[in-house]
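Asker: Listed here are the chains, written in short residue letters.
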Amino acid sequence: MDRQTPATAFWILLAVVLIAVFLLVRQHRTTRALRVRAERAENWARARADEERHLVDARLPALAESLAHRPVEVPGARSPEAAESHERVLAQFADSVRQATERGEQSARATLKSMMRAVQSLSNEQQVAISAMQERHDDPDVLAGLMRIDHMNSQLNRRAQATAVLCGSWPGQQRSASPLTDVVRGATSRIRDYLRVNLPAESDVAVVSRAVEPVVLAVAELLDNAARHSPPNTSVEVNFQQAHNGMVVMIDDGGVGMTVEELHRAARLLAGDGGSDINRLGDPPQVGFAVIGVLAQRYGFRVSVDTRSPYGGVRAVVFLPTELLTRVSKPTMPDNAVALPPTPRPTGAVDDTVLGRTPGGLPRRRRTQPADQGTPPAPADQRIATGLAAWKRGTESGRATTPPPVAEGNTQA
Amino acid sequence: MSGDRHLRGLVRPYVVTGGRAHASRNTFDAVTVVIATREQVSGLSPEKKRLMELCRGGALSVAEIAAHLSLPISVTKVLLSDLVDSGHIATHAAVSHTARPDMKLLKDVLDGLRARL
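Chains as they are written, first to last, in our numbering: chain A, 1 to 413; chain B, 1 to 117.
It is possible that some hints are incorrect.
As the list claims (entries may be wrong) - Partial list, derived from the structure: chain B residues whose beta carbon lies under 7 Å from chain A: (1) 11; (2) 14; (3) 21; (4) 22; (5) 46; (6) 63; (7) 72.
These are computed hints drawn from the structure, not numbers from a lab. In this text the structure is predicted, and so the values were computed from the model without any measurement. Just so you know, even glycine gets a beta-carbon here, dropped at the ideal spot from N, CA and C.
Produce the entire structure from the sequences given, and follow the hints as far as they go.
Answerer: As structure tokens, then:
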């Protein structure tokens, strides 16, 4: 038993040592693996923190800038692992910014629109009052003052109208189909330097009712641009040209022309691209092209300003398609003017107002009335016109027998 | 007349007269009678052309012309003055004045009355 005890003790010891060694080795391995993992985790966390700082300090502000339409490049992620989740954050951010901007813009537009509508209706009322006064007062000095007020009021109304259109409103003012000449003259009456605009000969083409006001407004903006960007001693030339499937209005100015950037901006706005964004008009706001772009898109006409004018400045071209055009068949001639005798001056011996003599030797005269031709009784003003014409013919028939009527010249002052 | 009213709102009077409120002559009143003395109307503004068309049909008073053109009388006078200046129309100030030179007719009437009485 005694001999066996040390041996047993040795084996037990050996076993304990072996187990301890094994455990130590395993422990060591585990520690090493854990250290590596911890290091990796630390690196990852650092990279992540870096990436987040990059997101907050660089990417989001850049995105916000670019959403505010400033030319800023949004930097990409530094490490690819974070990219996906951060892209989602950025997309959400962009979305909410866009929505907030849109809401803000919409409410700004609605406010501006209703304000402009109030201004417009006041200005229209004022125009009616001015017209009434122009009818009532015969004094040229009063008329001169009224014309000045009328002119300023028309310009004011155009500004209000342009702003309202930009805010999504309709141009207002329903008008009947009007000759193209009157449409362009209507446009000239709304700009400051209307006397510098040279108009072409009358055209028999008319603009359909629904397009009158939009075309007037667009042409007015173009004329205003042309007059404002050319020397005050030059004229603005307007010309009409018949095209294959429409009509072209050309507006030439002798100004300085436009730079390449301005032309790009104009082309973009005239195409109706981004024109309705009231936050991007600059300061002072340049509404002209934006308004034209909105109107052109809505009513289906085309405007371009990219041609160099032979006068040195810009040639603005408005193309009105056939759908927006109609013909005028002299609708402006009042009925009672037709009732006037077509040939007022007697030619030769035939004279229907003096019919020989009465038995008593008095010259026999007869009233000329349209009733002779079997027409229904004429209205009061027509009777006046006919009466005056008859009187005139009577006068002339009386003179017809005398030598050349020298007396006629006397009454000309 | 509603069409005219629309049209009047479109082209304002200051454009019609080229910004002038004062007529070049003050011989017109509402009953002055106007007749066209020239056929040619090229180079005239649309209102003046229409005015000439109206007057070619016979004599018309200033008030009637203004009503047909849907323009205020004061504005019509400016246009009429221009047309008198350019020789397109002639005026007769009043009925009594123009009746005065009609001597032959008056003489005939006088002779006839003398023969009867």
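Asker: A separate judgement is required for each hint: does it hold in the structure or not?
Answerer: Outcome of the hint check:
Hint on residue 11 of chain B holds. Least Cβ distance to chain A is approximately 5 Å, under the 7 Å limit. Interface hint at residue 14 of chain B: satisfied, since its Cβ lies 4 Å from the closest Cβ of chain A, which is below the 7 Å cut-off. The closest approach between the C-beta of residue 21 of chain B and any C-beta of chain A is roughly 4 Å, which is under the 7 Å cut-off, so the hint is satisfied. This hint holds: residue 22 of chain B has a C-beta 4 Å from the nearest C-beta of chain A, less than the 7 Å allowed.
Restraint check, residue 46 of chain B versus chain A: the minimum CB separation of about 6 Å is within 7 Å; hint holds. Evaluation of the residue 63 of chain B hint against chain A yields a violated restraint, the C-beta minimum of about 9 Å exceeding 7 Å. Restraint check, residue 72 of chain B versus chain A: the minimum CB separation of about 4 Å is within 7 Å; hint holds.
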